[in-house]
Amino acid sequence: MNFEFSEDQKLLKDQVRRFLDDKCASKDVRTVLDGAATYNESVWNGLKDMGLMGTAIPEEYGGSGAGYLELCVIAEELGRAVAPVPFSSSIYLAAETLLVAGTEEQKQAHLPKLAAGDKIATLAISEHSGRLDPSTLSLKASDGTLKGSKSPVVDGSIADLAIVVARTGPSPRDVSLYLVDLRQDAISRKTLDSIDPTRDLAEIAFNEASGELIGEPNRGWDVIEKVFDRGAVLFAFEQLGGAQKALESAVDYAKERYAFGRPIGSFQAVKHMLADMYVSAELARSNCYYGAWALSTDAPELAEAAATARVAATKAYQHCSKNNIQTHGGMGFTWEFDCHLHYRRSNLLALVIGSRSQWEDQLIDRLEARNAA
Amino acid sequence: MDFNDTPQEAAFRKEVRAWLDANAPTELKEPLESSGFGNTNVGDADIMEVSKAWQKKKADAGWACLQWPKEYGGRGATPIERVIWSQEEGVYAALSSVFLIGQGMCGPTMMAYASEEHKRHYLPKLASGEEIWCQLFSEPAGGSDLAGLRTKAEKDGDDWVINGQKIWTSGAHFSDYGILITRTDPTVPKHKGLTMFFLSMKSPGIEIRPIKQVNGQSGFNEVYFTDVRIPDHQRLGDVGEGWKVSLTTLMNERLSIGAGMPTGFPEMFELARSFETVDGPAIKDKALRSRLADWHVKTNGLKYSAARSISALSRGETPGPEASIGKLVAGTTMQDIAQAALDLQGLSGALTDPDHADAAARFQAMLLRSPATRVEGGTDEILRNIIAERVLGLPGDMRADKDVPFNEIPTGKAN
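Protein sequence lines correspond, in order, to chains X and P. Under our numbering, the letters of the first sequence match residues 1 to 373, in that order. Under our numbering, the letters of the second sequence match residues 374 to 788, in that order.
These are computed hints drawn from the structure, not numbers from a lab. Treat the hints with caution; some may be incorrect.
[Claimed, not checked] Among chain P residues calculated to face chain X with C-beta under 7 Å, some are:
id	residue
1	F376
2	S459
3	Y677
4	S678
Note that beta-carbon positions come from the ideal geometry of N, C-alpha and C, so glycine has one too.
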């Protein structure tokens, strides 16, 4: 049994960590937090120079074809660094959608640019408050023309391209996917305020914008479900990286901070809270590895493994980031300390591609399906 | 990343399977598979008899205590081979439960500290199940604070004379030998005045009383010592070094207990699927689904944490600290699951007769046994301390008894 990343994958991880420690430090995240930019372009360019966007994109489409295990270790490091870049939208979601459902021509046309990081793409689904479900979508498409609006769209103000889920028929699941160039006159965008200003959320209005169908008409949600399963594993690794960092930050502080004449980490109330954070991060790690195995081998267990990893990592990151603030006490509530960066990110990531309760529900569906089989 | 055996591992697994196919007590398979939580069902057979028979058969063929050296009754196998064996032994492993403490904890301690002569004399019979060993550590005043123990050992010629009381000794009533930690010097700080021995449980002056537990069973005992004599050559480690010796034993305890702890999730999932509530199948209930997801995440996380540990063994490395979380997670999860399962059953959930209660009263058994899981072999709180201090590197607790001679440490009324 070899349920562990390889030496080469660990080397890649170290390399990405060194780069992010250097170029994506707290001050670099804060340029976006403080509103000076919608994402950190120099971090993006650095990731681009390292060729990381193309990690799981096959060579014939301009990627390196290294694979999903490599993408997982990169995701963990991006999460750890709270990287303020549109990597997940462009790679885990948009590129994956093209890989899953694009025609050969569409893949050739778009993937090399995403793999090179020259273009940024995102997935536009949500229109309303509430659970992500095709029946709630009303943005319409007919004859390649889209009318309606999407909100919020992650990285919506940044992206050059969006894959838009549009209604194309009367039954609840009659939705189709369209690739839309966001730099056309029929598009207007507005950046929205959010709990995590280090990532961009926007409203996008499509006023008879033109788009190109991806995949079969009215079968868009099948594709989205597939992409979400794959993306769930990658997002879980980002969440795992964040959880691990929040835990480390709390542990470091508990060793340095003295109260009542002793390090606060010597008090059992604090110590046990930190031990529980460790346990949730460790359970998430093991579940994430299982998800990584399923993703990289395209195993039949992927749907179940992805949901398990997603739920575990969502909980772990929320748990570790909130208790990191708790460990820091009042200082944890200051803008100056970095605790809030993880608190914000953990609570944003808990909502993308479907919120935690939705994934819990899906997880049980999938366990039922396996037991019924 | 894969779950495949290396060629050597695959060859070993094949050999194990072939032997098990030819030798396993298949007549016990069915009752063993229907065993409830906390009890081993062997049908009409005598549990001790069939356990000893299976252990002897394994030992004769070289399949007992695989990781021990051959000269002490083992096989000299690698850690990964031991894991493969236990995966393949499957349901029959339940027949080893009476030997677990002896082979898992006493054996390694003897291996590390007994004389060569003693090792060659005692270990093979421990491995073959001919003799059963127990561990005499906990005391009424020394549980989590094990080093607070008071059982006295006083030198008298070439012997030591033991007086005092041990508690929570599993299997003392059917054990032949035991390892015993005692206080040999009460005038020095507590960790420094301890000494370890092994002794025959048939020694004059030993009285064993079973403890009736919350779940009605009596797996544990109180053991009283009145002027029990132990020859000095049965001392393990130097006088005053007993704490260090006990850490060898306890490390093995946590390793063996932490591996593959059940949480009750598969049973709970099955109950949720089959149970009809007035609103339909229980599994369609949103609130229950959320809790099921949580339990699944924990159970699956433990399963793949074990896979990570096994991978480390397979590479010839020592497993990482992820091995320490098993019991901590499994104990509370099982307790939660048991309560949720009873809740589903309504007042019928109170019934413990397997003929009346759902799922043959498995969840009631879990309810009544799980408090012990959270206490034995290190309480939840001690495990959190261990994780915090040894894994996360946090400072130790401030101790009121540090550097204080043992006989001057304050004690409360309950001690």
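How the hints compare with the structure:
Because the closest C-beta pair between F376/P and chain X is about 5 Å apart, less than 7 Å, the hint holds. Of the supplied interface hints, the one on S459/P is violated, with its beta-carbon coming no nearer than about 14 Å to a beta-carbon of chain X, more than 7 Å. Using the Cβ-Cβ criterion of 7 Å, the hint placing Y677/P at the interface with chain X is satisfied: the shortest such distance is roughly 4 Å. Given the 7 Å rule on beta carbons, the hint for S678/P holds: about 4 Å separates it from the nearest Cβ of chain X.
The structure does not agree with numbered hint 2 stated previously, though it agrees with all others.
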